[in-house]
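Here the protein sequences line up with chains A and B, keeping their order. Numbered per this note's numbering, the first sequence finishes at 500, counting up by one with no gaps. Numbered per this note's numbering, the second sequence finishes at 240, counting up by one with no gaps.
Incorrect hints may appear among the rest.
[Said to hold, decoys possible] Only some residues are given here: those of chain B computed to face chain A with a beta carbon under 10 Å:
#1 Asp72
#2 His115
#3 Gly120
#4 Ala122
#5 Tyr135
[What the hints assert, rightly or not] Using 30 Å as the maximum straight-line C-alpha spacing, the simulated DSBU-like pairs for lysine-lysine come out as follows:
#6 A:Lys303 with B:Lys214
#7 A:Lys158 with B:Lys18
#8 A:Lys158 with B:Lys6
#9 A:Lys74 with A:Lys85
#10 A:Lys142 with B:Lys18
#11 A:Lys210 with B:Lys43
#12 B:Lys18 with A:Lys210
#13 A:Lys303 with A:Lys158
Don't read these hints as lab results, they were simulated from the structure. All figures in this text were calculated on a predicted structure; none of them were measured in a lab. Every residue gets a Cβ at the ideal spot worked out from N, C-alpha and C, and that includes glycine.
Here are the chains, one letter per residue:
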Amino acid sequence: MIDYIQPDYEVVRNKELCIKCKVCVRQCANNVHVYDESRDVLYVDNSKCVNCHRCVTLCPAKALKIVKTDHCFKPSANYTEDIIKDIYRQADTGGVLLSSMGTPKSYPVYWDKILLNASQVTNPSIDPLREPMEIRTFLGRKPEEIRYLPDGSIETEKYPNLELKVPIMFSAMSYGSISKNAHIALARAAEQLGTFYNTGEGGLHEDLYKYGPNTIVQVASGRFGVHPAYLDAGAAIEIKIGQGAKPGIGGHLPGSKIGEEVSRTRMIPMGTDAISPAPHHDIYSIEDLRQLVYSLKEATDYKKPVIVKIAAVHNVAAIASGIARSGADIIAIDGFRGGTGAAPTRIRDNVGIPIELALAAVDTRLREEGIRNNVGLVVAGSVRTSADVVKAIALGADAVYIATPALLAIGCHLCRSCHAGRCNWGIATQVPELVQRLNPDVAYKRLVNLVSAWSHEIMEIMGGMGINSIEALRGNRLMLRGIGLTQKELDILGIRHAGE
Amino acid sequence: MKIDAKGMHFAELDRLIKSSPDSEVTIDNVLGQRYIAAGASGKNITINGVPGNALGAYMDGCRIEVRGNAQDAVGDTMNDGTLVIYGNCGDTTGYGMRGGRIFVKGYAGWRVGIHMKEYGSAVPEIVVGGSAGAYLGEYQAGGRIVVLGIGCEDRPCVGDFTSTGMHGGRIYVRSRYVPADLPKQTEVSAVTDKSELEPLVREFCGYFGYDADKLLADDYYVLTPSTAYIYKRMYTNRPF
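Next up, chain A with everything else stripped away, as it sits in the complex (with noise of 0.2 Å):
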């Protein structure tokens, strides 16, 4: 069969400064460099390269670049070259189109699009240098009142919640999807940061039980992993229902990606697919959803909030004013631009709506049902700086997921391979040679630096707004105005237009 596919990319190898080490050959895990011994030359395979950057980081002579290939196609603003070459690659396989990481299509980004207020002259700014600046987040349900008791003390009811020291956690990334020690690295940031990692769904690795009071557990249809020693060891317990990469459908990680630990850690055979359904075979309502709920809540002891995670869809209002109502203490909304391990493409670049969009329509209609205080949102789906944070605050979150750019912190190149299962980097892959070049002491401190970084932002700016707590940012719309944006959207994000 005549391969109709021309590579995207194209390693450049630049003879002078070349010293034929073959440390290229040697981490390429997807054999894009071959070094033929008979004749003393490297040659390069394009057609493998992912633009992963791995040995052109590594090129110690600084010889190689990858530069995307100016062969082309005619060009159509219609039938563009990824539409082509899609087509290809279904006629040569008759397959669904598997891709990773969030999708690369030019839909708005609607942080983009909002920009933040400052103070001059009157209430003026704060100087987090000099000034007290609380960031200290607490997630969960919140007493509907307080009661005096006749000695003056308060008599309420404490609902478990979680309690962050910065805004900002880590989403769920299963161990499977990712390596051991891209586990280890986050469950280790987050123990330093005072937050939280979150396991995915394929359970928790023996040696990292240890990190549990940093660690959300999540329960998917799958149940892989999940027993009572699990569902204790989390901080807080995150039914999965949804994901924004991939709304309405399940994951299947792949059997080439179960190992021994692997296996062990989901309690599958080795080997096998493991299957998460779409949907969680038991829940058709809210009130199945309330069963779920409930039957966690009761193993362990109403002691841990319990996170219901789902995609941002069209509908995503009404949802989530039922889970409010369902008995969970968190709701979790990862939007449509959000990054996933492996996802059909057509659903990755179709389906779903954006986080901004999202959030700001299920703050709106929990507060205008006043039960917003019965639980605590969080958002996800590409929160991709501090200046995304605060605005997502400002919408109303009380905190974020990020993944991205937690991988980027540890060496991801974003060359959206995942599903492939050859992460170079070893993040995304099960391979022993290639999960050990990640070392988790370097990864956790990288991790700690990035969050540690936009904590100071995120102070920074609120200084500027003159605002000293993340509490009085919470739902703080005044401090948002849209840049070019439609009335339509103004109204659903519930902002002015910048100059009103």
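Since chain A is already given, all that's left is putting chain B on it; use the hints.
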């Protein structure tokens, strides 16, 4: 310890069970209380009445006898222990079960044993005396399901879409009627070696008073997955 559950809220009932100093607990007048013994271990519980949904969910080593019917999600994600139900049970019995055993005297609802797991010596087992509803063993990844079809000898005793997505474990059925619509990845064969089946059938008969030799003498078929990679050929990797 004896508990009268009449009119009692599930949270109160569960608190009493878990805080009981006795390992033997008998609960009378149970009527629909959910989550009984959820996540519990080390108790020997007798339930007189009809427990509500999610009986023994995440359970880790209790032994529970239900003198009546049970409802949905019995033994959801249970890890260890034994559930003996002297009646029928509802949908998603043994959902995501990781270990332990469930014996049901009568029939069971839909999606029994869906997503059952297995690892090493932890092999969950479900024995249903009567018939089982549709989607039996859906996405089954391990464990053993036995459907004895007592009283259904003249017709199929498993429902439609049995073993859809099955990729591990085994389903034994005492019947001559093999469903016509079994999915492509399921293989069906007559049982010649009953060594795995025998102790389960004998234990079942010990609880419910059936003649084990008679049941074991009948014809059984077994469903097994033909591949552990049911979706291997479904996808084509896209490099961006």
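Hint numbers the structure violates, sorted upward? Violated hint: only 6; rest satisfied.
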